[in-house]
Structure formats: structure tokens, C-alpha cells
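Peer 1: Those protein sequences? They're chains S and L, same order as listed. Under numbering that gives the first Met the number 0, the first residue of the first sequence is numbered 0, with each subsequent residue one higher. Under numbering that gives the first Met the number 0, the first residue of the second sequence is numbered 0, with each subsequent residue one higher.
Simulated from the structure, these hints should not be mistaken for laboratory data. Bear in mind the structure is a predicted one, so any value in this text is a computation, not a measurement. In this text, a Cβ means the ideal position worked out from N, Cα and C, and glycines have one as well. A hint or two may mislead.
Unchecked claim - List of simulated lysine to any residue pairs, SDA-like, C-alpha gap at most 25 Å: (1) S:Lys435 <-> L:Asp235; (2) S:Lys435 <-> L:Asp637; (3) S:Lys435 <-> L:Lys390; (4) S:Lys258 <-> S:Asn326; (5) L:Lys533 <-> L:Gln556; (6) L:Lys203 <-> S:Lys227; (7) S:Lys227 <-> L:Glu636; (8) L:Lys390 <-> L:Gly334; (9) L:Lys226 <-> S:Pro176; (10) S:Lys445 <-> L:Asp235; (11) S:Lys209 <-> L:Gly306; (12) L:Lys203 <-> S:Lys435; (13) L:Lys648 <-> S:Asn447.
To be verified - Far from chain S, by Cβ distances over 10 Å, these chain L residues were calculated: (14) Glu111; (15) Glu220; (16) Asp235; (17) Val283; (18) Ile331; (19) Trp509.
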Amino acid sequence: MNPTRRHALKNLSLGAGSFLLSPFLRQVELQAAGSSNALPNRFVFVVKSSGIIPDGITPDAFKGKDSSGSLFNQDLTNVPLPSSMHALEPFKDQLSIVQGLSGKMCRGGHSSWFGMMGVYMTGGEFDAGAVIRATADAELAKLNPAPFNHLGLAIRGKALSSDYGGTMYPGISAVGPGQELPFQGSPDIAYEQLFGSAVAASSGAEKRFKLQGNLLDFMVDDIKKVSKAIPSSEHGKMNAYLNAFEELQVRHSKLSSMKEQIAANAPGYSDKFTSTVEEVRQEAQFDLATAALIAGLTNVVTIRLDNVDMTYKKLGIDEHNHGIGHNEGTKSQTEYREIIQQHHSELLATMAGKLRAVPEGDGDMLDNTMIIFLSDSSDNHHGTGMEWPYLIVGGGGGKLKLPGRYLRYPKYGEKGCRTIGDWWTTLLNAYGNPIKYYGNEDLVLKQNGCSHAGPLEELLV
Amino acid sequence: MSLHRKINADPPSLQTNPFIQPQSALLTRTLNTSVRFSAMALIAALFCSSKLLFAQAEKTTTPIVSDKKAFDDSVSPFLTKYCADCHGESSNESGVVLSGISFDLASGHDIELWNTVLRQLHLEEMPPTDSEQPEPHERDAVMLWINAELKKSGNVSDLYSKLESPSFANYVNHEKLFSGEITAEPFSPARLWRTSPEVFENVKSNYGEGARDFRQPFPLEDKVGIKDYANLLFADSAVVSVLMSNAAVAADELIKRSPIASSDARPSDDILASAISEHFRMVVYREPLKAEIRNYSELFRKTATEGGNAEAMRLVLMAVMLHHESVYRVEIGLGEEDAYGRRMLSGTEMAFAIAYALTDRPPDAALLQAAQEGRLSSSADAQVQVARILKDDAIDKPRILRFFQEFFGYSQAHKVFKDEDRSGGFAYYGENYPAMYEKDADFFVMNILEKDQDVFRQLLTSDEYYIINRATFRNTVYDFYKKNQQQLDAGEYPEAKQKELLQRLNLKGWHELNVKYNLHNFNKGFDGSVAAIKQIVEEQYSWMDTKDEDILLHRMQALYEKYPMVYDLRDDEQDFLLPQPYKRPNRAGMLTHPAWLIAHSLNDSTDPIRRGKWVRERLLGGVIPDIPITVDASIPEDHTKTLRERLQKTEKAECWRCHKKMNPLGYGFEIYDDFGRYRAEESLAKGDTRPVNARSELADTGEQKLDGEFKDALELIDRLAESDKVRQCMIRHVFRYFMGRNETLNDSKTLVSADRAYLESGGSFKALLISLLSSDSFLYRKTLEPTSR
């Protein structure tokens, strides 16, 4: 750990109101003391639209080698990656590819909405549908608290929408039943929210952060005053309201106390953060996510990478993702997808590189991070749910037998086939949530005697 | 009245007078001796629980001394006499062993176990009814001892807060409640009630242009049953984080138009005060107090000095938007105190209470005017206003339909996943059939409410179903066009014709369209104009891909072809045009409606347990405890047996104690499969079938004419529909929904009058509502801690 970071964390643990955030503070205290098993687990979920074609992320060496009814589990470090993933070659020891897991309990089509990480069917073509439970990324955020418990950054919103900027609800992540995770779609606003307490990003950001303290103080005083006129039987309700503002006061003062730490790690402010070019906005959001992780502002980030309506113009593409999915445009769908994948791989590699550069425990931050690249519509532009490919970069704290492996599970309906419910169960189990099975089961598999519904044992350490 | 004061007065004295026998005797004497103790204690619990909690926190630390004498004198002998046979070391039924239980609860020993004992005694679940029963005073003594010792240990039982939740409401004795013997004067506790999500949606435009980007801060957990209970909903940090971001978004927009924000000069006090007041009235619905203006002005001045006018105005606007009254509706009862210690709601409070009860909106002008002119100060005044609102079709009253959605639970159907293959074409992909059946069920309810006669019986027995999906809507509009083509093409569209279309679609105005129909987004703007009709006709041609009139008029679009199957109909059997309803054989009311049957089914099978539980709890006022955590609740797989046969697992003695209340009722519904289709045979694996056995028995209802065998659900429903108790149970639920709390014996007068109003009006739901919303329970408030004021 770098000295600035450790120093700042030590200061932080002495901050006011630590009782409210004790799990987080306990963790950082242990960390500052150099205890390696207290290192935080960090997760970045990068959610792309229009599907991930399984073949597109399969190394040539493993193509066509059918596992016929059993798990195909190979060392990935010795085989060349597809050329569109070249940027990830230096991280191959920390790279894993998981294929073949089905998600038929989710909606198919342009987006599975919350199904992708919530494992259930919901929504329609334009409508994200009902939120019945916290999605798996949010469950992992609960286990790894930080000042910003679960950071949502978006380049685009809902699958087919043309909206961008401001607070967005792309319909992919939820913190609890009925409660969507808000995503910030404007990098400049995200910059202000994350780093504004320590860095003057735009004129007035730092000032605004300071002044917000006035509002919180006012609310706390005001609620205390009016509570006296409320029947005491109802004080519980007023106290809940009061506590919420007190918690914000604590976060506010904590961010103030982390000023040095935040300032040291904030990305340099530039016009990148106000750009309207989609690819630049992606870079900006990746920069923010990475810096927020390094500064200790968050441990879990979900990035809405693009959507079906978006066009990668800067990459020289003349067709929006929807058109590409429908084989329109001058190039073949495969060609388009390779160009885009190369760009995505570069984004992932840049993030991984920055994390690798920060020492932590006996290794570096990438060792304790999992960047999970996935799609909201499984295996294709109109996802079938037959399989849901995952590309993972990072060591994940050594809690799963994944780094450096290529895994392909048996096809849907074959003996030994498994589902994305099993996948998320595995992650939750590995990182401290003992849930027996996360999500809805695949009833057709169940009726046909395929006994899924539990963690992928072979991945657990 | 004295009843409540006595009970309320008891808990504090626990601390000083641990000698419990006299306490208990006092309690028992205070009440009519025939009042069952559970009901009495329930009221006590309801009204004391929060007070206990707070009293607790204020106590200073004193050395903990267990009351061992009382344990030895009354508790231990009680356990030996009534519990030891089943819960001794060797018998340990349900894994509960009481033989070695520690007397030292005050020091925190065996807290879990003692809580279990308290709960079982309080709810009179133990000893079992077929064993020797303790005297009320014996039970009372043990409970008082446990509560006193728990309190010393720094804990309090969660039982009392649980009793305030809807699932515990049935513990109030039904016969007593409707006996007419109770003469206590009803009231609701003085309270805060969190803003409902629907009210928020309706008022958010008051916050200015930023409201377009608002998120819902007050989501209700999407659970089964009545959701919006005043006591259960808090504005916690999850709520506040959304409120804060909403307020910020709104304030950013508002300061763009604020003259104060755009000026560098500090505003005068008056200008500032008027800007604050204007905003305050929009979001808090009243004039700010002088002190409030002073506080906001102070916040402005302080912030302006540090950061300028714009930032200061932004914070002040946010602070007003975060005012606690826009988060909680405050119902304290600002009228004069009456002889029973109750205060009536003030005119304004009453206007809000009535408006929120029916319309999900703040009061309309007429209500506010009535309040201002002193015409909202009695039960009769409330009746006038409620009747006015109910009569006025131009006023939306979404709360009424929502009651039936929550009571019957049919609006949960869309959450039960049904796979396409198993049903033979129950298309799910892209279109959620169950969500559309919910709309059908809405129509079914609205049709009955429209007639407003014998409403509860009709809900349980009517065979008039609506089968409406997007294709029905389009076919009907198409049919209307064809019948009037010449006129419409010539641009002739007299008002009478426009009304005819509305009537055919069962609408009072186009504003009802999206409420009643589950239309595609692009059809939601349909306004009945010639252009809109022609657009639908075009869609019809292109989507049906034919000009064959027969197909265009009488078929479902391919996507909806299987839609009617849950009504035991094929697509080609009917044209599904509006107006409807259809009479369906083998159906009786809501409990045989596909939406209800799907909502109360499992993914891949029916669910007799849940269906039986529903009938037992909602219609018979029965009580079924939570499933014990030790129970393995899975149904054994066996492809040679029917579900009913596989459920025999639950007939083991320890299961049957609860399951006998549910399963026998649920078996009646086995004449429908899990998609809601009528059936005589149950499909097993590999194409095998077995005849359905739905014959069963109703028992222990507390009403003699109800008990007995029945052939199937249809016979069961017929019997239920005739029952007084069933009607009264439904009224109890109406009470809970509109009062936002559980009923207590204290509300007996209200419920008896409501039942009478319903009967005397020939079963009018409106009459029932007028009675409830002008009752003392609705109009009076009472602060439950006399000392706190």
C-alpha cells in the first residue's frame, strides 16, 4: 500500500461518527495495520449491450473442442487470445473466460433487464419491469461497504433508449426489492460527487460540497426541534428520518477527512469529462471508477457500458448497435463486433493496468479485484439465454479458482449443465453470503432431472 | 375507555411492583370477564409497545436483580403443570425443552426460549386446545413476569411490534368484535403516516420542472396483502437518499428561474420570506409558520455569506422540499378533547384524510373550502364529503380498486413464472400474460362495483368474466370503424357516436383508458378521434396480415392466440369483442378467476396450501402461525402421485396442527390447474393422468352452517358467500386498508355500524365506505401517552 493511502486511512479511522460505518472502518483499520486477510474485495461489473457472442471471446485453440457432457476446464495462460482481445494479453495470468452457463429463467431479447444479475424474468421491450430482489452486484456491495457503497456509472440508459446524461436508471441493477440503483450518466457530475469534496473539478464543486454541510446541519436541527411536538409514540418515525440525515453528516465529514486521500487519487480534470463523444465518455467513466476504487471511495462499481441505440462513431462505425445486431451496415456483424471488442478490451486493460500499479498487501490491487465483463442480453443481440459468457480480469483475492482458466460448461440440457443462478451463487458464497441458491431456478432443467441450483463447486477454493 | 387507561398504566408499574398476582387480578376485573385475555392483551400490546420501547431507553442503569421468588411461586409451577409433558428433556416436542430453563432471564439467560414461551402464551397457541387450559390469571402472571424480566435484561419482545402488522390482525376475537357488547369509544392513535408512492407520483409536478427526473422515494415492499400501514412505514436512509437527489434536481431547475438566485445583492427579508412561502405552499400545502420562515431565512443568510445567493437559494429550496410534512402526513387530532380523551381531526386534517383515503391526491377545492368554512367538523360533515366524492365520476378513486387488488392478491399473478412449453402455448416471451389477466380481474371487480349491489357475494360468486387483451381492444375499435365506416370516412363523428365507442370499451372518459387497459405504449395516447381509430385500423391490417374480415374481427393476433385458454376457451370459440362480460361455466367469482389462481400457484404446480391459507385468513378470520424454521417445507417429488397425494407429508401430527387449517380448503381448488384452467384430470409425468380429487371438508370455522363436506371449490364458495362471518371478515380487511392499521376490540362500534350500513344498503360498497370514513375510528385521534402532552 502506498504511504499516502495508509496515512489517509489511519486518519480516517479516527474520524467522527465511526460507529455508523463500523464494518467499513474496521476493514480499513485492519488494512492500515497491514493485515492481508482484511484486504477489501472489489468488484467492477461492466455491462455491455447486444450480447457477447461466445465464439468471439473463445481462443482459437479451444474452438470446436466440444466438451460433450462434461466441464471443459483448461489453462488459458498458454494459448493466444483472439486478436480483438490482444490488449488483455499482459493480464492473462489474471484472466478467465467462463462459458456455457444458461439463463433461461431470464427474459430473452434486447435486454434481460435485472434478470442478468437478478436471475429472474421481468420487463418488456421498453420497460425494465419489476424489481423483486437486490441484484448480485448489489449483494456484493452490501458485503463490502465503503463511503459510496455501490457506484453506478452509465454511458447509456435503458436498452433501446436514446437518453444519456444525468441520473439514469438503465434497469440492470437494484439494491433491493422495488429499489433500482441510480447510475450517474454524466462523468462531470460523477466527478463532482466522487471527488468534489477534495478537488475543485468545476468552479463551485468544492464549495457546493462544503455548503451541503449547512443543509444537513439544518435538517438535523429542524427535525430535532419539531420532534418535540410529535406524540412520543411516533418518535420512532421521526428518529428514522433524523438518523438518515445524521448518516449523511457522517459521510460528509468522512469525505472531508479523506480529503488528502481523495485528492491524491482523483483523475486530473479535463474536457474528457464533458465530452459528448461516446467512446470518450466511456474512458471518462472508466477513469472515475478506477480512481474511486484506488481512493477507497467504493469497492463495487457497476458500469453500463453502452446500449443498443449507441453508435461507436469514433471507432469508425457507421451503424448503431441495433443495426449491427440486425446485420445492417457496410461491414459484416462479426467485423463490427471485433472492432468494438478491441476497444472494450483496451478499456478493461487500462483499468487493470492502473490497479496493478497500486501495491496492496503482498501484491497489488488487481489481485483483490474482479472486473466482470458481461452482457445484459446473454449470447446474442437478441439473447436466447442458452448461454451467458463472462470475461473476468483480476485475482479476486484468491477466493475462486478462476484466474488463468478457460471454462466451458456442458450445453443447455446436457448432463452437468449449469446456470447463471449457480454462477452468482458461487460468487456470493465465495465472498461471504452463504445463500443456498441465488435467483430463480430453471424449472425445465429441474423437471428434466438436471439438478442445478447451488454453487459451482469446482470454482470454490 | 377506562379499559385502555388501565392497561396503558400497567407496564411502568411492572418496574416497581414485581409482585404480579394483584396486577393480573386487577386487569381481569377491569374487563368484562367474558373478554378473552388474548384479545385484551393484544390491545394492551398494541397501545403500549412503542411506549415500552421508549421507556426502556430512558431508564438509567440499576443493578439487575432477577425476581426469582415470582419464578418459583408461579412461573415454574405453571411450566411444570402445563408444559412439561411435551417439552421435558425426553419428550422435547418440536425441539423445545423447558425443563432446564433459567430463572435468570433478567441477566439475559434463555432469552430466545422465554420469547417463544411469551408468544405461545400470548397468542394462546399453547397449551394445545385439546390439553388442559390454564386460567387467564395464571397465564397473565407468567406473561407479566417474562415481560418484567425481559425489560430488566435490556430487551423487549418483538411480539408487540409484530402484533401491529397485518398478519397478526386476525388475533382479535371476531365474535367479540361483532357482538355489539363493546361500548368503548373508538379512535385511531395520533400518528404520522408516510406519504404513499401514489400520492408522491400525483404531487411531484408541484416541485417544478426537475420533477421529470424524480425517482420514487417511498416504494412499498411488493408483498402480499395490505401494504400501506401507518405503523410499519418509516422514512429511513434509503428514502432520504432518494429525497435528497430529487430535491437537488428540482432545486437546480428552480434556481434558474429565481430572481434572488440570479442577483448578487442580498434580498430583503420580505422578498426572501415570500419566495420561501411560495415554494413552501407548493410542497407542504400550508402557509409556513413565522418561525419556519425565520429558520429558512437564517439558512439562506448563512449560506449566502459563504457561497452566494444561488447556492443559498438552492439549499433553502431543498430544505423546504425535505420538510417532514412532505414525508409524513401528520394526524394528531387538532380538535377539542372530548370526554373520552379523544380529539377530532381538525377540518384540514380531515380534508387530507378523506382525500388520501380515496383519491391518492391532496384534497380538492371543495374539501379545502369545506374545511375553511367549518363544514368539516363532524361525522355528518365527513359523510357529505365522502358521498360527494364517491358520486362524482370525474374524480379518480384509484384507492378503491387497489383495495381489492391487495385483498384478493390477484395482482401478484405476473410474478409467478409460467413456462410456455408446459402450458401448450402460454406465451410469455415479450408479453406477460398473467399481467393481462390481472387487468381482466380489475374489470371483473369494477363491473361489480359499478352495480354496487351485494358486492361481496358477487365478488365471490359472479360468473361474469372479462377477457380483454390488446387484440380485444383493437378488434373492438376495428369493429366500431367497420360499422360506422361511411360516416367516419366522411368526417362525421357526432357526440353520440363518440359516446357509443366509450361505452363499448366500458369507459367513462378517455382518461380511464390506461387505467383499465394494458395497452402497448404506442396505443396509450388513443383518444377516440377518427385519426386514432384509423391508425388502429391500419395496425389491424398490417399486424393481422390479411384483409379477411372474419379474421380481422374475430381472431386474436398470433401473439395472443392462447390468451383465452385459461378461461377454458379456444381463440376461435369467441370473437372477444367488447362490450362483455362472458358467462363462464365452472367458475364462481374471484377465487376461480385465472389471475387469482395463478397468483396463488407455484411455478409448476397448483398450491393448495397457499390457496387454503388465503381462504382461512381472509374469509374466515383464521390464524396460522409462521412456518417453524425447523420444518423442511419441500414437497416430495413422485411422478406417480397427484399433488394432493404428495402433500400427505403434511398430515403428520406436528404438521397437521397448522396444515389442517389450510390444506382441506385448498384441495377444493384442485379442479383448476396452475394456469387456472378447469380440469377433471391431473397430468402426471410422461402423459399419465389421474382424476382430480377435490372433495374435502371445512371445519372449525366458528359458524355451524359453514362447517361440513364439500364437493369442490365451487360448492365451498357458494357456502362461504352466504356466511355472515365471511362478510364481516371482508369488512375487517376494508377497515384495515382504509384506517392503515389493525382493528382492535376498541373499534367494535365502528365495525358493527359498518356491517349494518352494508346490509341495510343491500350490499353497497359505497355505503360501507361512507360508514367507515365517517366513523369515530377514522375521525378521532388520541395520544396514547397521557403524560407526554
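Peer 1: Take the hints in turn and mark each one as holding or not.
Peer 2: Evaluated hints:
1. A threshold of 25 Å between alpha carbons decides the hint, and for lysine 435 of chain S with aspartate 235 of chain L the separation of about 29 Å lies outside it, so the pair is violated.
2. A C-alpha spacing of about 23 Å is found between lysine 435 of chain S and aspartate 637 of chain L, which places the hinted pair at or below 25 Å, so the restraint holds.
3. Straight-line distance between C-alpha atoms of lysine 435 of chain S and lysine 390 of chain L comes to about 54 Å, which puts the hinted pair past the 25 Å bound.
4. For the suggested pair lysine 258 of chain S and asparagine 326 of chain S, the alpha carbons sit about 50 Å apart, so the restraint of at most 25 Å is broken.
5. Straight-line distance between C-alpha atoms of lysine 533 of chain L and glutamine 556 of chain L comes to about 18 Å, which keeps the hinted pair within the 25 Å bound.
6. With a C-alpha separation of about 28 Å, the suggested pairing of lysine 203 of chain L with lysine 227 of chain S is violated against the 25 Å cut-off.
7. Of the pairs offered as hints, the one joining lysine 227 of chain S and glutamate 636 of chain L is violated, with about 59 Å between alpha carbons and a cut-off of 25 Å exceeded.
8. The straight-line distance between the Cα atoms of lysine 390 of chain L and glycine 334 of chain L is roughly 28 Å, outside the 25 Å bound, and the hint therefore fails.
9. Distance restraint check for lysine 226 of chain L and proline 176 of chain S: the Cα-Cα separation of roughly 14 Å lies within the 25 Å cut-off, and the hinted pair is therefore satisfied.
10. Taking the CA atoms of lysine 445 of chain S and aspartate 235 of chain L, the gap is near 40 Å; set against the 25 Å cutoff, the hint is violated.
11. A C-alpha spacing of about 9 Å is found between lysine 209 of chain S and glycine 306 of chain L, which places the hinted pair at or below 25 Å, so the restraint holds.
12. Distance check on the hinted pair: lysine 203 of chain L and lysine 435 of chain S sit about 41 Å apart at the alpha-carbon level, beyond 25 Å; violated.
13. Taking the CA atoms of lysine 648 of chain L and asparagine 447 of chain S, the gap is near 23 Å; set against the 25 Å cutoff, the hint holds.
14. In this structure glutamate 111 of chain L is separated from chain S by more than 10 Å, as the shortest Cβ-Cβ distance comes to about 21 Å.
15. The claim that glutamate 220 of chain L is not at the interface with chain S is violated, since a C-beta of that chain comes within 10 Å of its own (minimum 6 Å).
16. The Cβ of aspartate 235 of chain L does not lie farther than 10 Å from every Cβ of chain S; its closest approach is about 5 Å, which violates its non-interface assignment.
17. For valine 283 of chain L, the non-interface assignment is confirmed: its Cβ lies about 12 Å from the closest Cβ of chain S, beyond the 10 Å cut-off.
18. Non-interface status of isoleucine 331 of chain L relative to chain S is broken: a Cβ of that chain comes within 10 Å, the nearest being about 7 Å off.
19. Every beta carbon of chain S lies more than 10 Å from that of tryptophan 509 of chain L, the smallest distance being close to 22 Å; the non-interface claim holds.
Figure legend: structure checked against the earlier numbered hints; hints not met, in rising order: 1, 3, 4, 6, 7, 8, 10, 12, 15, 16 and 18.
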